[in-house]
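**Q** Produce the complete structure using the sequences and hints provided.
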Amino acid sequence: MASRTSNPGSEIRPTASWRPWQWCNLGRNPFGELTREDRVSVAECDVQAIASRVSADRQAVQLIGDCGRGKTTRMLRLSDMIMDSVYVYLPEDQPCPVIPWGRPLLIDEAQRLPRRVRGEIFASGLPLVLATHRDLKRPLRAAGYTFHNEHIGDANDAELLCRIANRRLELCRLGPGQVPVLSIEDARWLVKKFGSDFRAVEGFLYEQIQSQKNSHGQMRFIDPVR
Amino acid sequence: MAKCDLSIQLDDPDRVYAGGGKVAGTVRVVVDSDVKCDGLEIRSVWRTHGRGNVDHGIIETVTAFSGKWSSGDSAEYRFELPIGQWPPSYHGHYLNVDHYIEAQAKIPWAFDAKASESFLMRPSCGPDGATASRGSGRNSAAGKVFLTVFLVIFAAVFFLTPVGWIAIPFFGLIGGTIWFFRSFLPKWALGEVTCRVDAEDVFPGDSVTGELILRPRKNIKINGITMQFKAREVCVSGSGSNRTTHTKVFYDDTQTLEPAKTLPAGGELKYPFTVAMPADAPYSMDLSDNDLIWSASLRVDIPRWPDWTREFKLRVVPKGTSDSAADPVQVAEAPIIRDAVAPTRSQQTEVASPIVRNEPSQLAHTDPPEPIPTSQNPAPAAEVTFGETAAFLWPIRHERDQVEGLVAAVTGLTFSISAFVERRLLYSGDDDPHVYPDGYAVWARFTDPPLPLVLYVPHDLADEFEQAGRDMWTGRGTVVGWDSQHDRLQIKLLAEPS
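Residue numbers (the working numbering), protein chains in the order written: chain U, 183 to 408; chain X, 116 to 613.
Rather than coming from a laboratory, the hints here were simulated on the basis of the structure.
A hint or two may mislead.
To be verified - SDA-like mimics (lysine to any residue), calculated; alpha carbons at most 20 Å apart, straight line: (1) X:K434 with X:E315; (2) X:K118 with U:G357; (3) X:K221 with X:P565; (4) X:K118 with U:S223; (5) X:K229 with U:V361; (6) U:K395 with X:Y366; (7) X:K221 with U:T217.
Small disclaimer: the values here were computed from a predicted structure and weren't measured.
**A** Structure (C-alpha cells):
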C-alpha cells in the first residue's frame, strides 16, 4: 500500500504523490481505453476526402480493413464532423439496433446487417459510409449506388503512430510542463514489431507505461535492450 | 489559441475525502478574447481508466455561469458539490477509479474549454451502499434477455431435428464425463463433503470463517487441504467481436488447512477455518465493464485422483461510518498488497468532514422541482405535467437504475407534449412493440429541458410530421417506456392531436 501520514485534525491525507504518473506529468496511463469523445479528439486521420464522396444520394464509401487499423475511429470522426450524420454500431450476436435517418449514415460492422434491413437502408438511397470486413459491392451496385472502397491500414506508418501516441500523451497531461514524447525511432521499432495493427501497439505501450507506475526519471516506451 | 482557459483549485487538494461528503473549491476562468458562454458547468463525477471500457457516474452538475466574458476578464466561481458514495478511489493494474471535479465552458461554434481535478475518496457507506450508480453497462440486461431467447429457440430447434437426436447422446456423454471426474470421483473417495462459509460479505482485516466436513468411506491419503484466496481485476474492452477481457490476479494467497496425511475412514473430520483478510484489501467492485473480484477456493488434493474443489465468491465491503476505523484508504499498489503495513488506528479514526473555507457564492444551480410521485405513490396524470417529468428525468438520464424506476412510475400516463423533431428512424427494430402498423418512429427532443424522446407516430399523423420538419410539434402521447440503449423516453402518440 502507498504510505499514508496522519495530520492534525484527524483527517486522512495521502502522500503528495498518490497519482501514479505524477512523476511524468500524466494523470493516467495514456494507452488505456478512451471514451468516444476522447477517441475522436486524438484521432489523426483526414476524413474530408471520405466526406466529400458521400455528399449526394446513392453514394457510398466502404472502409475495408482488419481490426485495429482505424475504421471505427474514422467513422467516429465523421460522425463528429458532419452534423446530420448518424453512427450506428452493429453488435455481434445481438438484434439489429434501431437505425435512424442520417446523411450520411455511418454503419460500423456493416457486414452484420440482416439482409432485410440492409435492403431497406439501401432502398432509402441515403449516402452511406460502411465499415466492413466484407466487400458489399454487389448489394450496393444492385441498389444503384456508386461507391468507393478505402482500404484502411495501408497508411499506418511510424510517423502516424508517433502523432497518435503523442496526442494521447498530451490528452493525459496533468498540469503545465513537459509530458513524455514518443520518438520516431521508437515508433519505427513498434511498427516493425506490430505492423499496421495500432491496437496491438496500444496494448504493448499500456503495459510498458503501467510498469513505470510511481517511477522516476525518464519514461521508457520500449525496453532499452531490444 | 483558446478563447478561455479554465483551472480548478480544490480547497483541500491533498485530503482523502469521505464518500457522500462534499468537495469545495474554485474554478478560475481567464479570457483572452470576448466570448459567449452558453454555460459553465461544474460536475462531480467518478470515472474508471485503464484497460476496460470507461465506466463513469455523474454525481451532480451545477451551472455556475452563463453569459458573456470580455477579453482580459479573470473570473472565479466557487463550488461545493457532493461526492459519490461508490466506487472508492482505486489504482490497480488494469483497473483504476478516480473521482474528479470537472469544469466545462460551453462555447458556441468553438471547442469547449475544459478542466478537471482528481481527488481521493474513501467510502463512508456500509455494505448496502457499496454499489455504483452507473454510466454504462446498459446492454447487459438486453444481452441476457437475448441470450435466454436464443437458447430457448436453439434448444427447441435442436431437439426437434434428427441432428439433435443424434447429438443428444454425444453431448450427454461429454457432460457425464465431466460430472464423473469433477464431482463423482472426488466424492467417492472422500465420502460426503459439506462446506460452508459463514458470511460472503467480509470487511478488510476481518476473518473469513467456515467449516469443511469430510466423512471418508475408507482410509485415504491426501496431499493436503488448502484454501486459496484470490483477488483479480477483470476489465472488458471493446464490444462485439472486438470484445477482449483483461484479467490481472493481484492477490493470491494459499493457506494449508491440513498437511499431507492419511484421513481415517468412518469418522467425521471437521476442519473449521478462520482466515484473516488483509487489512488493506481493496473493496470488491462491479462496475459493468470493470470488476474487482475476491474469491476463496477450497481444495482437497488427492494423489493420482481428481481433486475435490469448491469456490466461493466473497464480497469485500466497507464497514461504514459507524466503525470506519477499519476502512483502508485505497491508494494502493494493489499487486503489493500482501507487503502492506496495516494502517495504525490513529491514522484511520475519523472520516474527514468537508472543510468549507469560504461560503460558496450563489451558483446558478437549478433547484430540482418538487418530488414527483413514484410507483409506490401514484398520482393521476393531471397532477404531473410532462415538463415536470422531463425535469426529473433529465439529470438522471444516464443512470439506468434511477431512470427506470421513475419511468415505471409515469408509464401509461398521457401528456400534452411539445417537441422538436430530430430525425426519422429508418429501422425501428423487429422487437419494438410500440411501432404502429403503417406508422413509424422519430427521434425528438423536449423543449426544456431537451430530454431525448422516441415518438411513435401513427399513420394518421404522418403528414403532420412531414410538414413539421424539424420545427416544434405539439400533441398528446402516452409514455410507454425507456430506450436504455439511446437514453430516450419512449412515447406513443395519440392519433387525435390536441
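**Q** Hint by hint, say whether it matches the structure.
**A** For each hint, the structure was consulted:
1. X:K434 with X:E315: Since the Cα atoms of X:K434 and X:E315 sit roughly 14 Å apart, the hinted pair holds (cutoff 20 Å).
2. X:K118 with U:G357: Distance ~19 Å between X:K118 and U:G357 Cα, so the pair holds.
3. X:K221 with X:P565: Holds. X:K221 to X:P565 sits at ~16 Å (cutoff 20 Å).
4. X:K118 with U:S223: holds (18 Å)
5. X:K229 with U:V361: Holds, because 19 Å separates the two Cα atoms, which is no more than 20 Å.
6. U:K395 with X:Y366: Measuring from Cα to Cα gives roughly 18 Å; hence the hint holds.
7. X:K221 with U:T217: holds (19 Å)
Checked against the numbered hints given earlier, the structure satisfies every one of them.
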